[in-house]
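> Below, each chain spelled out in residue letters.
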Amino acid sequence: MKFAVIVFPGSNCDVDMYHAIKDELGEEAVYVRYDEQNLANYDAILLPGGFSYGDYLRSGAIARFAPIMPEVIKAAEAGKPVLGVCNGFQILLEAGLLPGAMKRNKNLKFMCRPVTLRVQNNETMFTSAYENGEEITVPIAHGEGNYYCDEETLAQLKKDNRIAFSYADNPNGSVEDIAGIVNEEGNVLGMMPHPERAVDELLGSADGLKLFKSILRNWRESNVTHA
Amino acid sequence: MYKVKVYVTLKESVLDPQGSAVKNSLHSLSYNEVEDVRIGKYMELTVRDTENLDQRIQEICEKLLANTVIEDYTYEIEEGVAQ
Numbered sequence: 001m002k003f004a005v006i007v008f009p010g011s012n013c014d015v016d017m018y019h020a021i022k023d024e025l026g027e028e029a030v031y032v033r034y035d036e037q038n039l040a041n042y043d044a045i046l047l048p049g050g051f052s053y054g055d056y057l058r059s060g061a062i063a064r065f066a067p068i069m070p071e072v073i074k075a076a077e078a079g080k081p082v083l084g085v086c087n088g089f090q091i092l093l094e095a096g097l098l099p100g101a102m103k104r105n106k107n108l109k110f111m112c113r114p115v116t117l118r119v120q121n122n123e124t125m126f127t128s129a130y131e132n133g134e135e136i137t138v139p140i141a142h143g144e145g146n147y148y149c150d151e152e153t154l155a156q157l158k159k160d161n162r163i164a165f166s167y168a169d170n171p172n173g174s175v176e177d178i179a180g181i182v183n184e185e186g187n188v189l190g191m192m193p194h195p196e197r198a199v200d201e202l203l204g205s206a207d208g209l210k211l212f213k214s215i216l217r218n219w220r221e222s223n224v225t226h227a
Numbered sequence: 001m002y003k004v005k006v007y008v009t010l011k012e013s014v015l016d017p018q019g020s021a022v023k024n025s026l027h028s029l030s031y032n033e034v035e036d037v038r039i040g041k042y043m044e045l046t047v048r049d050t051e052n053l054d055q056r057i058q059e060i061c062e063k064l065l066a067n068t069v070i071e072d073y074t075y076e077i078e079e080g081v082a083q
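Quick note, the sequences are listed as chains A and B, same order.
If you use UniProt numbering, the first sequence corresponds to residues 1 to 227, in order.
If you use UniProt numbering, the second sequence corresponds to residues 1 to 83, in order.
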């Protein structure tokens, strides 16, 4: 399986993402620059964390108009897995691929520490290797991860079971303790915690690896024909 | 040339963590009459004469300057700014 790791000016988790795919998952990862305009050859698209374009104006607001973004939207519409982590999640929100927006953390602090997440829906292509309700340890590292959406959107997310991960102990003020959501079709996941930083016990946790394994397993099930 | 002053604030319905912190600080300085503080952004655009100026400024605000999921914007257009 071939993963594109999109590199924006100011991305800083691109190397972690690449490492997670190549060394831990054992699949192919390729850095794709923000100014390229073709993602046809990739099976999955990863938007890493960081501070794209310095997060000037708003997190993700400028990256959302980068030349690669129409291709990311095209890939999402084609049903390919698209994962946005941290700044990548913020970019997906700004691009309208996921509903809602991010505010400053409730306590106004940049927080960088492991947190406990609860798997709310293991019937997505990103979470199928987890158990429903499973508690996992994944680090957060953000100043603007306070997820907001209006009540109508929240009701829809809950009704459609689109909350993939929630915080066991809400660190940032997000509505409904939301840590990660999927789109209506289930092929776009945005999450603030960093699964790519939790792919080996040496890093303190390997709980994030199952997310990438889920993507791989689902891709194999739908793409590899057995003789 | 025009000078366009754009103000972006969080919507009334959205809690403003920065505003709350500043309000608490003002209260601790005994300015207890301050009921509420909302933090926003102020942007000044210098814009060449163009057709549909008003419509284009709205577009600019909605496309980039404000995130209308959580923010409101207002703007003022001042004419005749010296180059």
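Possibly wrong hints are sitting among the right ones.
Below are the DSS-like pairs computed for lysine-lysine, each with C-alpha atoms no more than 25 Å apart in a straight line [unchecked claim]:
(1) 109(A) to 22(A)
(2) 106(A) to 41(B)
(3) 63(B) to 5(B)
(4) 80(A) to 2(A)
(5) 109(A) to 23(B)
(6) 158(A) to 63(B)
(7) 2(A) to 213(A)
(8) 22(A) to 213(A)
(9) 63(B) to 74(A)
(10) 109(A) to 63(B)
(11) 106(A) to 2(A)
(12) 158(A) to 106(A)
(13) 106(A) to 5(B)
(14) 63(B) to 23(B)
(15) 11(B) to 41(B)
(16) 11(B) to 106(A)
(17) 213(A) to 106(A)
(18) 213(A) to 74(A)
(19) 109(A) to 5(B)
(20) 23(B) to 11(B)
(21) 74(A) to 2(A)
(22) 41(B) to 3(B)
(23) 41(B) to 23(B)
(24) 80(A) to 158(A)
If you're looking for bench data, these hints aren't it; they were derived computationally from the structure.
> Run every hint past the structure and note whether it holds.
Each hint tested on the structure:
Using a Cα cut-off of 25 Å, the hinted pair residue 109(A) and residue 22(A) is violated, with the two alpha carbons roughly 33 Å apart. A distance of roughly 19 Å separates the Cα atoms of residue 106(A) and residue 41(B); the hinted pair therefore holds under the 25 Å criterion. Distance hint between residue 63(B) and residue 5(B) is fulfilled; the C-alpha atoms sit about 16 Å from each other, no more than 25 Å. About 11 Å separates the Cα atoms of residue 80(A) and residue 2(A), which keeps this hinted pair within 25 Å; it holds.
Restraint check for residue 109(A) and residue 23(B): satisfied, since their Cα atoms lie roughly 17 Å apart, inside the 25 Å limit. Simply put, residue 158(A) and residue 63(B) have alpha-carbon atoms about 28 Å apart, too far for the 25 Å limit, and the pair is violated. Distance restraint check for residue 2(A) and residue 213(A): the Cα-Cα separation of roughly 13 Å lies within the 25 Å cut-off, and the hinted pair is therefore satisfied. At roughly 12 Å between alpha-carbon atoms, residue 22(A) and residue 213(A) fall within 25 Å of each other, so this suggested pair holds.
For the suggested pair residue 63(B) and residue 74(A), the alpha carbons sit about 19 Å apart, so the restraint of at most 25 Å is met. With a C-alpha separation of about 28 Å, the suggested pair residue 109(A) and residue 63(B) falls outside the 25 Å cut-off, and the hint is violated. Only pairs whose Cα atoms come within 25 Å are accepted, and residue 106(A) paired with residue 2(A) is rejected, the gap being roughly 38 Å. The suggested pairing of residue 158(A) with residue 106(A) holds, with an alpha-carbon distance near 23 Å, which does not exceed 25 Å.
Taking the CA atoms of residue 106(A) and residue 5(B), the gap is near 29 Å; set against the 25 Å cutoff, the hint is violated. Taking the CA atoms of residue 63(B) and residue 23(B), the gap is near 31 Å; set against the 25 Å cutoff, the hint is violated. As the CA atoms of residue 11(B) and residue 41(B) are separated by approximately 13 Å, the hinted pair is consistent with the 25 Å bound. At roughly 16 Å between alpha-carbon atoms, residue 11(B) and residue 106(A) fall within 25 Å of each other, so this suggested pair holds.
The straight-line distance between the Cα atoms of residue 213(A) and residue 106(A) is roughly 33 Å, outside the 25 Å bound, and the hint therefore fails. About 24 Å separates the Cα atoms of residue 213(A) and residue 74(A), which keeps this hinted pair within 25 Å; it holds. The suggested pairing of residue 109(A) with residue 5(B) is violated, with an alpha-carbon distance near 30 Å, which exceeds 25 Å. Between residue 23(B) and residue 11(B), the direct Cα distance comes to roughly 17 Å. Compliance with the 25 Å bound is thereby established for this hinted pair.
Proximity of residue 74(A) to residue 2(A) is assessed by CA-CA distance (about 17 Å); at most 25 Å being required, the pair is judged to hold. Distance hint between residue 41(B) and residue 3(B) is fulfilled; the C-alpha atoms sit about 16 Å from each other, no more than 25 Å. Distance check on the hinted pair: residue 41(B) and residue 23(B) sit about 17 Å apart at the alpha-carbon level, within 25 Å; holds. At roughly 23 Å between alpha-carbon atoms, residue 80(A) and residue 158(A) fall within 25 Å of each other, so this suggested pair holds.
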